[in-house]
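As they're listed, the protein sequences go chains V and S. Per the UniProt record's numbering, the very first residue in the first sequence carries number 1; after that it's consecutive. Per the UniProt record's numbering, the very first residue in the second sequence carries number 1; after that it's consecutive.
The set of hints was computed from the structure by calculation and includes no laboratory data. Just so we're clear, the structure is a prediction, and the values are computed from it rather than from any experiment. Glycine included, each C-beta is placed from N, C-alpha and C at the ideal position. One thing to keep in mind: the hints can contain errors.
A few chain S residues that face chain V, going by a derived Cβ cut-off under 10 Å, partial list only [stated by the list, open to error]:
#1 Leu-22
#2 Arg-28
#3 Phe-92
#4 Pro-93
Protein chains: 2
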Amino acid sequence: MPDAEGHPERSEIELGAVLSALADPLRRTVIRELLRAEDDVERTCTSFGLWESKSTRTHHFRVLRQAGLVRQVDRGNMRGVTLRRADLAARFPGLLELIAGER
Amino acid sequence: MPDAEGHPERSEIELGAVLSALADPLRRTVIRELLRAEDDVERTCTSFGLWESKSTRTHHFRVLRQAGLVRQVDRGNMRGVTLRRADLAARFPGLLELIAGER
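Extracted from the complex, chain V is given alone in its bound form (with noise of 0.2 Å):
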């Protein structure tokens, strides 16, 4: 079962809404961006500048959450992101290289 903030567990991540959310190019561009970071990195959600409302921003990192691309974490007056490389990996062999890939 998804826990209180919407992360699915790993088995539960669903390729359909993976693929939804990657639909969106800024959402691509967010999981490239962790991708071509260190393992585990911890960014803030302001911090890729994607979107200037914060409405929009947090309605974005809710559809990466919910359908298992990244975790946030809650770090009081901001959230911190992360990958779920190997949630990701484990599950869908070879999406993360697609989505890193793109030109």
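Got chain V; can you put chain S on it based on the hints?
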């Protein structure tokens, strides 16, 4: 430039359009069935039995065609559909395996 029926050339196939097309579970079913068949097998659009209404079926095959996933050929009173296997394998290595492996 896409041809008169909206088929993009190989180099024009975009990951965003492909992921959007594949976000729909029944459209993924079409691709999975074509993947399981012999190379270049031609099916009729009605043979999948996934959409009862003609307009719905037409819509979904248009999405698949315009994204570059399938090629449709007019056969007079029906349309044949083939998977663009070589184009997709060349453009997005790993993508077809990802779809084929969905449980």
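These are the hints, each one checked on the structure:
no.	hint	in the structure
1	Leu-22	5 Å, holds
2	Arg-28	7 Å, holds
3	Phe-92	6 Å, holds
4	Pro-93	8 Å, holds
Consistency note: the structure conflicts with none of the earlier hints.
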